Amino acid sequence: MIFARGGFRQTLFAVIALFAGVASASAGSASVEPIEVSARPITEFHIGRTDKQFGPLEFVGGLELTSPSRDFGALSAFRFLKAGSDFIGVADTGYWFFGTVARDADKRPVGIQNFRMQQMVDQKGQPIDEKWEVDAEGLAVKDGIATVGFERNHRVAQFKIDPANMKAPFRQLDFLVPARELRQNRGFETVTHANANGQHQGGLVVVSEKSLDKSGNIYAAIIEGPHKGVFTVKRNGDFDITDGAFLPDGDLLLLERSFSMAGGLKMRLRRIYGESVEKGAVADGPVLLEADMGYQIDNMEGLDVWTRDDGALMVSLISDDNHSILQRNLYLEFILHQD
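Just so we're on the same page, the working numbering is the position in the sequence shown counted from 1, plus 34.
These are computed hints drawn from the structure, not numbers from a lab. One thing to keep in mind: the hints can contain errors.
Unchecked claim - Calculated cross-link-like contacts (lysine-lysine; reagent style DSS-like; alpha-carbon spacing at most 30 Å):
id, residue 1, residue 2
1, LYS313, LYS194
2, LYS116, LYS262
3, LYS116, LYS141
None of these values were measured; they are calculated from a predicted model.
Given only the sequences and the hints, what does the whole structure look like? Please build it.
Structure (structure tokens):
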């Protein structure tokens, strides 16, 4: 999802087309493609400073990812299949990706191993080349099932996870929000499972990027569980929502992004009170972290929450480079302290 707006959006597209081009796969093959990925360690989140603590978040480390492959990039969402190690993700160019985060003896990320990509396919197993059909933005995983939120052609679809051969979806879900309320390029960027023991009993929750109701709040919905229904998230400032995941205590952690010519690019993490995620409610909560271009950020689009083997509650983020030489693919990792 491009973060620019208005006339600047057109200018950005022109620059990207001139210098980098928008990568697109050719039709005819949806085989799994091994991808060489190089990783440059990021040791400082606040550029030029050694601070590690940012409110309740402690920076662990990060990676700047590059690859000679034309398909690599546009990483929109990911989830760990094995805590802090093996992951699955979707690119908004219509690709699945898989890989493993490699770590040093101090548990810091040092590289990406066994990275591979596969183009999304239709019911006949043929690659889908139309961007508007495979603009994948949100992802949840549970019990071997990947649930993906698509925008432009708005839908929430489910796939069986098979890293060796991802097939077409086996089911589409009712996302409850009236389709007419979803803006073309501002659909469901957050797809996440609620806590299994909470009020939604592990059901799916979806949150749009910037599809606003008449009060200016962001459309969302609980689409599974005993309390299904539409709710909204309070829009706080000029930030849009790009991903989210539930915390162990039932709160919803949202990743947000802002861009303007005056303020530049920013990212934010906001903790939404779990009890406000309810049918008919306006969900809201405090900001935990806000960062601008003085920090190691880019077009931050993906988030996952997981528990490290020593019990630390971890937050991992990725960015979407839009296949542009002006942007970067980043992986960032934090400890979220609860006290």
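Here is how each hint holds up against the structure:
Our distance criterion of 30 Å between C-alpha atoms is met by LYS313 and LYS194, whose separation comes to about 29 Å. Among the hinted pairs, LYS116 with LYS262 is consistent with the structure: their alpha-carbon atoms are about 29 Å apart, no more than 30 Å. Between LYS116 and LYS141 the alpha-carbon distance is near 15 Å, which keeps this suggested pair within the 30 Å criterion.
Checked against the numbered hints above, the structure breaks none of them.
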